[in-house]
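So you can see what is in the structure, the chains are spelled out below.
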Amino acid sequence: MPRFAIVVFPGSNCEGDVLYALREVLGQEAELVWHKETSLAGYDAALLPGGFAHGDYLRPGAIARFSPIMGSVISMAEEGKPVIGICNGFQVLMEAGLLPGAMLRNKTLRYVCRYVNLRVETTTSPLTRECRKGDVLRIPIGHADGNFYADPADLEELERGGQVMLRYSTPAGELADEANPNGSLNHIAGITNKEGNVVGLMPHLDRSYQPELGSDHGLRLFGSLVASVS
Amino acid sequence: MKVFRAKVFVRLKPSVHDPQGETIRGALATLGYQGVQEVRQGKYFEMALEAASREEAEASVREMANRVLSNPVIETFEVELTE
Chain A
97 MPRFAIVVFP GSNCEGDVLY ALREVLGQEA ELVWHKETSL AGYDAALLPG GFAHGDYLRP
157 GAIARFSPIM GSVISMAEEG KPVIGICNGF QVLMEAGLLP GAMLRNKTLR YVCRYVNLRV
217 ETTTSPLTRE CRKGDVLRIP IGHADGNFYA DPADLEELER GGQVMLRYST PAGELADEAN
277 PNGSLNHIAG ITNKEGNVVG LMPHLDRSYQ PELGSDHGLR LFGSLVASVS
Chain B
8 MKVFRAKVFV RLKPSVHDPQ GETIRGALAT LGYQGVQEVR QGKYFEMALE AASREEAEAS
68 VREMANRVLS NPVIETFEVE LTE
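Residue numbers (this note's numbering), protein chains in the order written: chain A, 97 to 326; chain B, 8 to 90.
Be aware that one or more of the hints could be misleading.
[As the list claims (entries may be wrong)] Here are the simulated DSS-like pairs of lysine-lysine, each with C-alpha atoms no more than 30 angstroms apart in a straight line:
1) A:K229 x A:K290
2) A:K290 x A:K203
3) B:K9 x A:K203
4) B:K14 x B:K50
5) B:K20 x A:K132
6) A:K229 x A:K203
7) A:K132 x A:K290
8) A:K290 x B:K14
9) B:K50 x B:K20
10) A:K132 x B:K9
11) B:K50 x B:K9
[Claimed, not checked] Coverage of chain B stretches by chain A, computed from C-beta distances (three or more under 8 angstroms per stretch; other residues unrestricted):
12) 15-24
13) 32-42
14) 61-69
Bear in mind the hints are in silico, worked out from the structure with no lab data behind them. Ideal Cβ positions, reconstructed from N, Cα and C, are used throughout, including at glycine.
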């Protein structure tokens, strides 16, 4: 059975949700791994959960990227294993250089915590292989710094390479400024690296894995991840 | 070894939108400071560090500013060094 590592930094606060979804809902082998550990040997995928790693001091993810565990996270990424960053975890992966771009403060300057609609743009990523292109997922976000920015060359490369995984959209799957909660360029909510195995997304699949939570669309992303390592 | 003091100024690149700066400009306008055309918010660091020479200190601070204090994707930095 595949084993999932959930990397916990001081200030992470969504590790329990990710653990519960993988272990209790999907029946997988998943464990929390403290950021001071240096090995991820024996794990098939790593997830970096949401929260405020190191208090978001300096910039979100800026300190966490130098945590001892990050060497192993980078090695896993280079080996082609799935490395998934959710919200703050996404910010850590960008700071670590595993994903292009950076997050600016939300356009509204507000912490935005609500459901959004997300259009699936690619089904080759480990999180979306069980979705269809054009599917619209309803999953919550909760962040102050989720305004995706990349310089024009990087942005073009992302688009051309099919690295944009999810975009904020209307419930019908249309792109509109009012459906973009934070001002992200090209409505980007989630991306992959060139190889496709490193994924970052702002929406919390870990807050939408059963109907009682308001949506179980996150389960389709978790289910894709499980399928991709099984 | 000598102790040097460094000042590091981190700014958003001109091409990067600064919603915080814009909000501050709006607040200043509300207070009656109508002439303010633009505000850009940045970060400022003061450091004291030991190094064998001024050149070594400056190289070290530049490396730290590039790797940690700034995010080269969205920011630039300037370093000022004094003994």
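Against the structure, the hints come out as follows:
| no. | hint | in the structure |
| --- | --- | --- |
| 1 | A:K229 x A:K290 | holds, 18 angstroms |
| 2 | A:K290 x A:K203 | holds, 28 angstroms |
| 3 | B:K9 x A:K203 | violated, 45 angstroms |
| 4 | B:K14 x B:K50 | holds, 11 angstroms |
| 5 | B:K20 x A:K132 | violated, 34 angstroms |
| 6 | A:K229 x A:K203 | holds, 28 angstroms |
| 7 | A:K132 x A:K290 | holds, 28 angstroms |
| 8 | A:K290 x B:K14 | violated, 37 angstroms |
| 9 | B:K50 x B:K20 | holds, 13 angstroms |
| 10 | A:K132 x B:K9 | violated, 33 angstroms |
| 11 | B:K50 x B:K9 | holds, 26 angstroms |
| 12 | 15-24 | holds (count 3) |
| 13 | 32-42 | violated (count 0) |
| 14 | 61-69 | violated (count 0) |
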